[in-house]
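So you can see what is in the structure, the chains are spelled out below.
Protein chains: 2
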Amino acid sequence: MKFSCNKQDLMEAINIVQKAVMTKATIPILEGIYIETNDSLKMVGNCYDMGIECSINADIQQKGSIVLNSRMFGDIVRRLPNSEVFIQVKPNFNVIIECDNSYFEIKGLSAEGYPMLPTVEEEQKISVSQTSLRNMIRKTIYAISNDENRKILTGSLIEANDGDLSMVALDGFRLAVAKVMIKEDTNFKAVIPGKNLTEIYKILEQSDKDVKITLSKNQALFELEQCRIISKLLEGEYMNYKNFLPEQFETNIVVDVSEIIESIERASLITNDDKRYPVKIVIEDNKMLITSNTDVGISKEELLININGNNMTIGFNPKYLLDSLKVADEEKVEIFFSSSVGPCIIKPIEGDSFVFMILPVRIK
Amino acid sequence: MKFSCNKQDLMEAINIVQKAVMTKATIPILEGIYIETNDSLKMVGNCYDMGIECSINADIQQKGSIVLNSRMFGDIVRRLPNSEVFIQVKPNFNVIIECDNSYFEIKGLSAEGYPMLPTVEEEQKISVSQTSLRNMIRKTIYAISNDENRKILTGSLIEANDGDLSMVALDGFRLAVAKVMIKEDTNFKAVIPGKNLTEIYKILEQSDKDVKITLSKNQALFELEQCRIISKLLEGEYMNYKNFLPEQFETNIVVDVSEIIESIERASLITNDDKRYPVKIVIEDNKMLITSNTDVGISKEELLININGNNMTIGFNPKYLLDSLKVADEEKVEIFFSSSVGPCIIKPIEGDSFVFMILPVRIK
Chain W
242 MKFSCNKQDL MEAINIVQKA VMTKATIPIL EGIYIETNDS LKMVGNCYDM GIECSINADI
302 QQKGSIVLNS RMFGDIVRRL PNSEVFIQVK PNFNVIIECD NSYFEIKGLS AEGYPMLPTV
362 EEEQKISVSQ TSLRNMIRKT IYAISNDENR KILTGSLIEA NDGDLSMVAL DGFRLAVAKV
422 MIKEDTNFKA VIPGKNLTEI YKILEQSDKD VKITLSKNQA LFELEQCRII SKLLEGEYMN
482 YKNFLPEQFE TNIVVDVSEI IESIERASLI TNDDKRYPVK IVIEDNKMLI TSNTDVGISK
542 EELLININGN NMTIGFNPKY LLDSLKVADE EKVEIFFSSS VGPCIIKPIE GDSFVFMILP
602 VRIK
Chain C
242 MKFSCNKQDL MEAINIVQKA VMTKATIPIL EGIYIETNDS LKMVGNCYDM GIECSINADI
302 QQKGSIVLNS RMFGDIVRRL PNSEVFIQVK PNFNVIIECD NSYFEIKGLS AEGYPMLPTV
362 EEEQKISVSQ TSLRNMIRKT IYAISNDENR KILTGSLIEA NDGDLSMVAL DGFRLAVAKV
422 MIKEDTNFKA VIPGKNLTEI YKILEQSDKD VKITLSKNQA LFELEQCRII SKLLEGEYMN
482 YKNFLPEQFE TNIVVDVSEI IESIERASLI TNDDKRYPVK IVIEDNKMLI TSNTDVGISK
542 EELLININGN NMTIGFNPKY LLDSLKVADE EKVEIFFSSS VGPCIIKPIE GDSFVFMILP
602 VRIK
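Line order of the protein sequences matches chains W and C.
With our numbering applied, the first sequence covers 242 to 605.
With our numbering applied, the second sequence covers 242 to 605.
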């Protein structure tokens, strides 16, 4: 195998496929990046739960394939000058990497036995912009559960339904739904592991360019311009989350998002990250009073707000409120309270691009 | 005690005195910041090895003193709006902190029993700009030893001598000297603990403003405009470092600093941070060849340089070369080799603002 390519292009592709390479594996080949030259340069990372394939432009002088230790290859390329990189495999699998006045020769591994990505049967396919998918992941991923005993909740539900695409995560204490419109009428449902979505989020750019999402029985395929990401799906039936969303509300308020974030952050300083201590919210006289009272001391914050409905006293784990408010990306949001012991809901003032639900905690 | 002051001023002072507060102490008062209102607002942090006192402008309504938990006080003030902060101590030592619509009440500790800073007898005093002292610390601190069995080497020597102020650190493998001129003819010598210098470095600004340094028998006092830092000294006699600096050289070269840093960094990728593997430097034909050869593979880097003297083959721990070159802050430096088994010296092309000495390692 022999080829040359641009350092930046190579580095970007390595950064992407590395997200699917195990950092510690019992078999060295699984800590490697598979590199193949054919019509273009193709690189693959695969940890079984997720596989990523990237293609980049290269000047290919000789076809072939090799596996290179991902960390070492990445570290070397990262440090190379911004210039053309020449790579060549010797018969003993040693790989020569040259760039300007730098020369490396490192041990490669035969590509035989590398676990290639499975093919995904094109059953149901939809398109969404990279920005939209990024936003949906960001607005929901914090609410997935990390309880391995309820495996299905460690992933996010992705659901296409008559022109809507939703992403849903819930962990028993809160629920997050993000939604966009899509052109396709496709109907499908699948649960993608949270850790794969975290990596996919990092690969997606703020861009209008499309991501194509294809679902088969056991896999989801995310296709970007120069890369394909295959994620396994979590098995099982996802909860019927719509049942959890209350529809009757006693009180609703409109709040300035950055103002309420700062106030809750201050109040939660006193709770010292101790989960026993909720923040108490009192809504009355067009004011919102956020207080906490712990071993350390007390704090009080006062915000002027618009109230619709009854006065209300309710307690929350401040972290849950903050997690949701921080991904709202709106200047103002509307908060709906079902009762002083029931769930509250956070929504944008207009539209239905997200719904966050949070259960309150009992206050003494 | 009752006063109000600007949030930013208060935050800056807390950030500074916190550097001398223990994060974990058996006595709660030692995890606290001492606050006193008299003519101005004074705050103190003290961990015995180092003490810091800061004064800031405040509107003082009632004199008094209190100790507040450093982390809690800092966290609260950091999160307050940029506005006037009102602080008041209640008879039960509870402290009220108010700012705009935020209200905190946290437990304070009686200031009785707080270890106040010692007075430093003004014996020998010199002045140097903050920028100069910063640079001297930066250029030497990496070379102090962390071997507690040779305690004296865990600090840096600060030495005033007929109008020169030097700072020196050495650890048995390398030696760093930084020097500036001062107005005073004072002669003194003291060894300041490395960890105190690390904190002092963070407090110093890039500024022409003076730091006054006063030495007494057991302490050094660093006086800035609004703060005083007292450091204990390390006991014992510092090594006569000048004896270690070779004066005869077989070869000297001039190198571009960022070029050689990048080359050594690449070569050291192959050494995998394994100290058994040095980088080998071959100097001949106006070229510098930097190579490494390990289990992982080999690397070669070639730089064009000017050579004075004999050809040379010599090995180094790449980390030691990089540590020195990275703080040189020069475009080009001159490297002097005494022999292929003797120390090398790195100096600026002009002047004597620093001298770095590094011992080579044997190559196979």
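To be clear, the hints were calculated from the coordinates, so they are not data collected in a lab.
Possibly wrong hints are sitting among the right ones.
[Claimed, not checked] Okay, the calculated bits of chain W under chain C, using three or more residues with CB under 8 Å as the criterion:
hint, segment
1, 343-356
2, 538-551
[Unchecked claim] DSS-like cross-link-like pairs, simulated, lysine-lysine; straight-line CA separation at most 27 Å:
hint, chain 1, residue 1, chain 2, residue 2
3, C, 243, C, 304
4, C, 560, W, 348
5, W, 366, W, 348
6, C, 248, W, 567
7, W, 560, C, 348
8, W, 331, W, 392
9, C, 283, C, 331
10, W, 521, C, 331
11, W, 331, C, 348
12, W, 473, W, 483
13, W, 521, W, 260
14, C, 348, W, 541
15, W, 528, W, 443
16, C, 366, W, 248
17, C, 443, C, 420
18, C, 528, W, 605
19, C, 420, C, 588
20, C, 605, C, 541
21, C, 541, W, 541
22, W, 528, C, 248
23, C, 283, C, 453
24, W, 248, C, 304
25, W, 560, C, 560
26, W, 443, W, 560
27, C, 392, C, 348
28, W, 567, W, 260
29, W, 605, C, 348
30, C, 331, C, 366
31, C, 521, C, 265
32, W, 243, C, 567
33, C, 560, W, 265
34, W, 348, C, 541
35, C, 567, W, 541
Quick caveat: nothing in here was measured; it's all calculated off a predicted structure.
We put the CB at the ideal spot given by N, CA and C, even for glycine.
Failing hints, ascending? 5, 8, 11, 13, 15, 16, 18, 21, 24, 25, 27, 30, 31, 32 and 35
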